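Engineer: In case you want the letters, here they are:
There are 2 protein chains.
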Amino acid sequence: MAEPDIEVLTTQLLKGDRRAAAKLITIVENDPDAVKRVISRIYKNTGKAQIVGITGPPGSGKSTLINQLASYLRQKGRTVGIIAVDASSPFGGGAFLGDRIRMKDITTDKGIFIRSMATRGCKGGIARATGDAIKILDALGYDIILVETAGAGEAEVDIMNASHTTIVITVPGLGDDIQANKAGMMEIADLFVVNKADREGADIVVYEIESMFRFTDKRGWKPPVLKTAVIEAIGISELAERIDEHFNYLKENDLIGERLKRRVEMEIANIAKEVMVRELEEIRKSEAYKKLIEEIIEKKTDPHSAADEIMMMVKARYIEK
Amino acid sequence: MAEPDIEVLTTQLLKGDRRAAAKLITIVENDPDAVKRVISRIYKNTGKAQIVGITGPPGSGKSTLINQLASYLRQKGRTVGIIAVDASSPFGGGAFLGDRIRMKDITTDKGIFIRSMATRGCKGGIARATGDAIKILDALGYDIILVETAGAGEAEVDIMNASHTTIVITVPGLGDDIQANKAGMMEIADLFVVNKADREGADIVVYEIESMFRFTDKRGWKPPVLKTAVIEAIGISELAERIDEHFNYLKENDLIGERLKRRVEMEIANIAKEVMVRELEEIRKSEAYKKLIEEIIEKKTDPHSAADEIMMMVKARYIEK
Numbered sequence: 480m481a482e483p484d485i486e487v488l489t490t491q492l493l494k495g496d497r498r499a500a501a502k503l504i505t506i507v508e509n510d511p512d513a514v515k516r517v518i519s520r521i522y523k524n525t526g527k528a529q530i531v532g533i534t535g536p537p538g539s540g541k542s543t544l545i546n547q548l549a550s551y552l553r554q555k556g557r558t559v560g561i562i563a564v565d566a567s568s569p570f571g572g573g574a575f576l577g578d579r580i581r582m583k584d585i586t587t588d589k590g591i592f593i594r595s596m597a598t599r600g601c602k603g604g605i606a607r608a609t610g611d612a613i614k615i616l617d618a619l620g621y622d623i624i625l626v627e628t629a630g631a632g633e634a635e636v637d638i639m640n641a642s643h644t645t646i647v648i649t650v651p652g653l654g655d656d657i658q659a660n661k662a663g664m665m666e667i668a669d670l671f672v673v674n675k676a677d678r679e680g681a682d683i684v685v686y687e688i689e690s691m692f693r694f695t696d697k698r699g700w701k702p703p704v705l706k707t708a709v710i711e712a713i714g715i716s717e718l719a720e721r722i723d724e725h726f727n728y729l730k731e732n733d734l735i736g737e738r739l740k741r742r743v744e745m746e747i748a749n750i751a752k753e754v755m756v757r758e759l760e761e762i763r764k765s766e767a768y769k770k771l772i773e774e775i776i777e778k779k780t781d782p783h784s785a786a787d788e789i790m791m792m793v794k795a796r797y798i799e800k
Numbered sequence: 480m481a482e483p484d485i486e487v488l489t490t491q492l493l494k495g496d497r498r499a500a501a502k503l504i505t506i507v508e509n510d511p512d513a514v515k516r517v518i519s520r521i522y523k524n525t526g527k528a529q530i531v532g533i534t535g536p537p538g539s540g541k542s543t544l545i546n547q548l549a550s551y552l553r554q555k556g557r558t559v560g561i562i563a564v565d566a567s568s569p570f571g572g573g574a575f576l577g578d579r580i581r582m583k584d585i586t587t588d589k590g591i592f593i594r595s596m597a598t599r600g601c602k603g604g605i606a607r608a609t610g611d612a613i614k615i616l617d618a619l620g621y622d623i624i625l626v627e628t629a630g631a632g633e634a635e636v637d638i639m640n641a642s643h644t645t646i647v648i649t650v651p652g653l654g655d656d657i658q659a660n661k662a663g664m665m666e667i668a669d670l671f672v673v674n675k676a677d678r679e680g681a682d683i684v685v686y687e688i689e690s691m692f693r694f695t696d697k698r699g700w701k702p703p704v705l706k707t708a709v710i711e712a713i714g715i716s717e718l719a720e721r722i723d724e725h726f727n728y729l730k731e732n733d734l735i736g737e738r739l740k741r742r743v744e745m746e747i748a749n750i751a752k753e754v755m756v757r758e759l760e761e762i763r764k765s766e767a768y769k770k771l772i773e774e775i776i777e778k779k780t781d782p783h784s785a786a787d788e789i790m791m792m793v794k795a796r797y798i799e800k
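Chain order of the listed sequences is R and F. So my numbering is basically just the index in the first sequence, starting at one, shifted up by 479. So my numbering is basically just the index in the second sequence, starting at one, shifted up by 479.
Derived by calculation from the structure, the hints in this document are not laboratory data. These numbers come from a predicted model, not from an experiment.
Put simply, identical chains are the same to the list, so a pair is met inside one copy or across any two.
When the alpha-carbon atoms are kept at most 20 Å apart in a straight line, the in silico SDA-like pairs for lysine to any residue are as follows:
| hint | residue 1 | residue 2 |
| --- | --- | --- |
| 1 | K515 | I772 |
| 2 | K778 | L493 |
| 3 | K740 | Y522 |
| 4 | K752 | E788 |
Generate coordinates for the entire structure from the input sequences, incorporating the hints supplied.
Structural biologist: In structure tokens:
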């Protein structure tokens, strides 16, 4: 395969070429050395899209909700990018047949771009790669980008922090363990969705979430709790309205810049860590490193003193460049 | 409080002073700048202890098993260090009253040293701090060190990889989700324990684990699956025997050095990452960093180009030192 020409691809992207977008996302996933060349060429053209993060445990109906929401937004004439960072998502290839069939109606539409991120084998952090994929769809000119994650690890929180609006989905009847796992996400949610709201216990879940915010002194945005039954498309239009309401709230209160700053700070910290990890990997191949390991084992030095020497090697490498 | 004198404390430690050990562990948890001074002074005196990692989900009886195992080893005349890296562990302060009472008989014994690691607020990685705590108890002269973790995150896998023998505990009747979460641990287990073996389904769990290894072509050590009922102290003596059997297997096959190498490589990678993260934190306070963030927001530069500049700042800082 010929080396993809980043200059050509980014030019095509900025003209609205979806295939160029797909190729560039593959590059930012797999080729850390090329990422800077991609992003530095398109960064000026980002910042127009509305970014919505959607998270919730497996079985909460997350993918169906995104499917319905995307269809609804398309009916309103908006272009929609979907990025799935969930290995178990139907967008991510882990589909039930039923999900795939339901998705069919949106996959033939040119105003929708769907992409799953490779959660395994992605060179560099998945949060970093997802942030770059968002920038690519933003530069492509799409109006709204829906980012789906599952779980509540550090990477997922980082991904959600890159959004304008973060939606946490839950369903009645999940075990206490799973509920507790969402704790990290509770703090960053701008909107809650209780899906499968026809199930027993839905009102209790709504009440529990609302209670969490009842006594907070937080002025400003109080996360609303919406009920949906996404398979029947119940609650989707209200959800879309609330998403825009939150986005408008950010704009009216000059908070878009604050969110952008939060995202940028997180991004450069992640990028710097990634650069560091890659340099460490390079150093591990060197003779000097192998010698250092031997010296620790022979107790001529200790791991902490050795780490200092490795930091010196990292820095020496960089200065050579 | 006066600055603790590391030279005095390490001298006392090497003479077998338990209080010095406790103080030094607090230092390696809380003061990253002092860690190197502590470890470089004692590293020559490490390498004698037998290190056993024990992991399993909450409710598997892990802490009771460790309690019983420690009592048994004491009866055999061996000194035992216990390090708990599990926030929900009774050793970690999250005890049920019953557990605390059961623990009483071992806490008055001077041949046992119990310590829980602060999983929150630990400055630097918990895996790094735990590795250093192990070295301190090793240098104190304890015969065997039991390290308890819960969960199967990256830190827990690193901690288990620092052991000579890794034990994974399970119980019949856990949900499929929880079983699946153990997947990462399955690969590193040297010994399996099916606790609460009087419960229905215990033999099925034993069979399932044994099946995983039935067709592996792996010559050498095949992880045995033991049944215990730790509240009644059933299976403890056999467990102790199997732990020593595995340790002897490592020694007879010249694998102790290999495990040490694995541990050392992981340690220096973690230390180097920690040093890097701390340097990033320092840089975040600088005016140059704030200016860079502004420039990204104004789209004069992009996050990837900025990260490069930050790497240069990290390196410049180091050279100044």
